[in-house]
Every structure is written in structure tokens, then in C-alpha cells.
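> Residues per chain are reported as follows:
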Amino acid sequence: MKKLIKEAIIYILIGLIIWGIVFLISQSKGLEIGKIVYKTFAQTIEIILSVFIFIGLITAWLTPEQIAKFFGKEAGWKRFLIASSIPMFLGGSLFTIFPLLGTLIDNGISYGVAISFITAWSAKIPMIPLEIHFLGINFTIIRTLLVIPMAFILGYISEIILEKIEKRKFKLTPEEIAKEELVLEEDITQIQENNNNDK
Amino acid sequence: MNIGNYYLIVAIVLLFISFIKDKERTKKALKSVLKISLNVLPVLFFIFVIMGIISIFVSRETIASLLGSKSGIIGILLGEIIGAVALIEPAAVYPFSGTLLNKGASYAVIYAFIGTAILIGIATLPAEIKFLGKRFTLVRNLSTFIVIFIFSILIHFIM
Chain A
-19 MKKLIKEAII YILIGLIIWG IVFLISQSKG LEIGKIVYKT FAQTIEIILS VFIFIGLITA
41 WLTPEQIAKF FGKEAGWKRF LIASSIPMFL GGSLFTIFPL LGTLIDNGIS YGVAISFITA
101 WSAKIPMIPL EIHFLGINFT IIRTLLVIPM AFILGYISEI ILEKIEKRKF KLTPEEIAKE
161 ELVLEEDITQ IQENNNNDK
Chain B
29 MNIGNYYLIV AIVLLFISFI KDKERTKKAL KSVLKISLNV LPVLFFIFVI MGIISIFVSR
89 ETIASLLGSK SGIIGILLGE IIGAVALIEP AAVYPFSGTL LNKGASYAVI YAFIGTAILI
149 GIATLPAEIK FLGKRFTLVR NLSTFIVIFI FSILIHFIM
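Keeping their order, the protein sequence lines are chains A and B. So for the first sequence, the working numbering puts the first residue at -19; every next one is plus one. So for the second sequence, the working numbering puts the first residue at 29; every next one is plus one.
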């Protein structure tokens, strides 16, 4: 939480400093920027809030433990199919996806499947309202649909390359994962406990 | 009523259903909404200021010649590189792209930018190496960069 607050303050400060510099150069341009910031916030605050709620609900109902379960029983191309579709509904940033994937790889998914997973996550379906607002519905639909073949292709190609060169030896600890924030610590601990029980 | 209200109503209804089904989970959901807000809103403020600067100080001609549909392959590569080096929160990618689009950037370039902004990050490399290994990181980032390039060319022809 501390890291989050520190980052929040830094972003706000840098924003204010840049804005302040513009004000010094020209007061009218500074005012214009203020108007743009206010207008964009006012137009999108409801969309932003609902996107946050969608992501929050998905985080609570689709836990890393459940995601690991999806991959538990399936093999071969079905894993690619799951990895190219389910992550489309997840929120978060790369910082939250990496530890999750590390845990999934420890659980036995392959590198190619992991790469399909990240690529499919880039669809960011919970954020679709925001994407439609700023980029239009046609672009949004095309981009979202193209994510599926892209995830398939990328996963398949990297699987071939990585099977030859990658040997993963290290394991993640919950403490390491918790440091990156946002991922709820107890979720990851849960998976790893299950993991240990299986052995 | 604007479209945002409808989304918000859907979100609140879902939150309500979630609360009826499982109070603990809903508490967790609200906790992550709070975390996401704290994480993303300051970034959005920063990005909106940058968007304001671009709207006022950068001319339409500059953006259109660098990132417009006539910029071709160079424009797509430029879009990809900006996306890869920019330290940008996914939620801020769309508003920022919207500004570029209004200023004359092409859909193909925007597609390239969004792709690498979400999937590739110089800033996220250390975390990726830490959690997933050096070779994985190298292969993923390179292959993603190349595949996004190919898909952007596809977008150029369909949009």
C-alpha cells in the first residue's frame, strides 16, 4: 500500500509541475489545459468507475487459484485455447500478470501457453467501455477479436523456441509476489499451499 | 442519459448481486477497486495533463506526418517503439490514443501503439526477468513486437 501511495503522489506532483510550467509560459494555455483535464475527467469518470468495479469484481470472483484449476486437467491444444480466451476478461497491469504466470508455470503450464496467456490478457475486456469511448466501437471490436489469433500464433511460435532454450529452475515465494502489490497475497499463498499438498 | 450512466448502473447491479451471493468476496472486490483507484487515478491525471499539452502545443500536421496513414511502415514502427518505452498504465492507453487519433494518427499506428503499450514495457522488464526468466522475457518481447507489426499492417488494410 505504501508503494502505491508513494507512486500516486509522484504522478500527481509531476502532472502539477508540468501544468505549472505551462502556466508560467502562458496563463491562457495553462487554463486551457485545466479545461481539457476537467472535461476529460467529467466525461469519463462514470466509465472509469464502472471499469474499476468490473475489474474489482473479476479479481474477487476469478482468483488465481481458479485460473490454475482451469489449466489443471486440460492438455495440449486445449490449454492454448483456454490461455487465448479466459485471460481476455482479466484486469490489472503487467506487474500483476507476471507473478500470476510464474505461479502457473510452477503449476505446470508451458512457456508457450504462458505467452498466449499474456497476449490474450491484452484484450482487456473489462476496459472495453473506456476503449469504445476514446477509439470508437469498430476499432474496439476488431482489436479485441484479433487478440485471439494473435495469442494463438505467439504462444505457438514461442513454445517451439522456448522448449529448446529455456530451463526454469527457480520457484517464487509469496513474499516476492506480494512485494509487487495489487495481487492479493492470500490468493497466491493458497495456490502454493495446494501445490505443496499435491506433492 | 449518457452512456457512462448505463455502465455504472450495470456495475452497481453486478456489485449488488455479488454482495447477495458472497459478502466476503464482495469485500475483497471493493478492496481491489480502492487499490486500483489509488493506482490508476493519479496516472490518469498525469496522462490527461500530457493529453492537454499535446492538444495545445503539437500541431495536427506533425502528428499526421509522423503517425498518420501516409507514414506507412515507419509510422507503425514509431508507434510500436513509443508504446514499448512509454511507462503507461493500461487504463491510460486508451485516452492517450484517443488524443493521437483526433490529431490525425492512423488506426494502424494506434493499434501498434496500444499493442506494445500493454504488452511490452522497458519499465516492466526487470519484473518480467525476475518472475519468468531472461530467455522467456527476451523471446516474448521480441516475438510480440514482430507479431504486432504484422497485425498492424493488417489493420492498415482493413480500417
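For the record, the hints were derived by calculation from the structure and aren't laboratory data. Beta carbons: idealized from backbone N, C-alpha and C, even for Gly. Do not take every clue at face value.
[As the list claims (entries may be wrong)] Stretches of chain A that chain B covers, calculated by requiring three or more beta carbons in the stretch to come under 8 Å of a beta carbon on chain B:
hint, stretch
1, 20 to 26
2, 104 to 118
[As the list claims (entries may be wrong)] EDC-like, lysine to aspartate or glutamate: derived pairs with alpha carbons at most 16 Å apart:
hint, chain 1, residue 1, chain 2, residue 2
3, B, LYS158, A, GLU(-13)
4, A, LYS58, A, GLU(-13)
5, B, LYS63, A, GLU(-13)
6, B, LYS162, A, GLU143
[To be verified] Simulated restraints, written as ranges between beta carbons of each label pair:
hint, chain 1, residue 1, chain 2, residue 2, range
7, A, LYS(-14), B, ILE109, 26 to 32 Å
8, B, LYS55, A, LYS15, 26 to 32 Å
9, B, LYS55, A, LYS9, 43 to 49 Å
10, A, THR124, B, PRO154, 38 to 44 Å
11, A, LYS49, B, SER93, 50 to 56 Å
12, B, LYS55, A, LYS49, 20 to 26 Å
13, B, LEU66, A, ILE121, 18 to 24 Å
14, A, LYS49, B, ARG88, 46 to 52 Å
15, A, LYS(-18), B, THR90, 36 to 42 Å
16, A, TRP41, B, LYS98, 45 to 51 Å
17, A, ILE(-2), B, ILE45, 41 to 47 Å
18, B, LEU66, A, ILE140, 39 to 45 Å
19, B, THR90, A, TYR136, 20 to 26 Å
20, A, LYS19, B, ILE181, 44 to 50 Å
> Under the constraints set out in the numbered hints, which ones does this structure not fulfil?
Checked against the structure, the hints that fail are numbers 3, 4, 8, 10, 13, 19 and 20, while the rest are satisfied.
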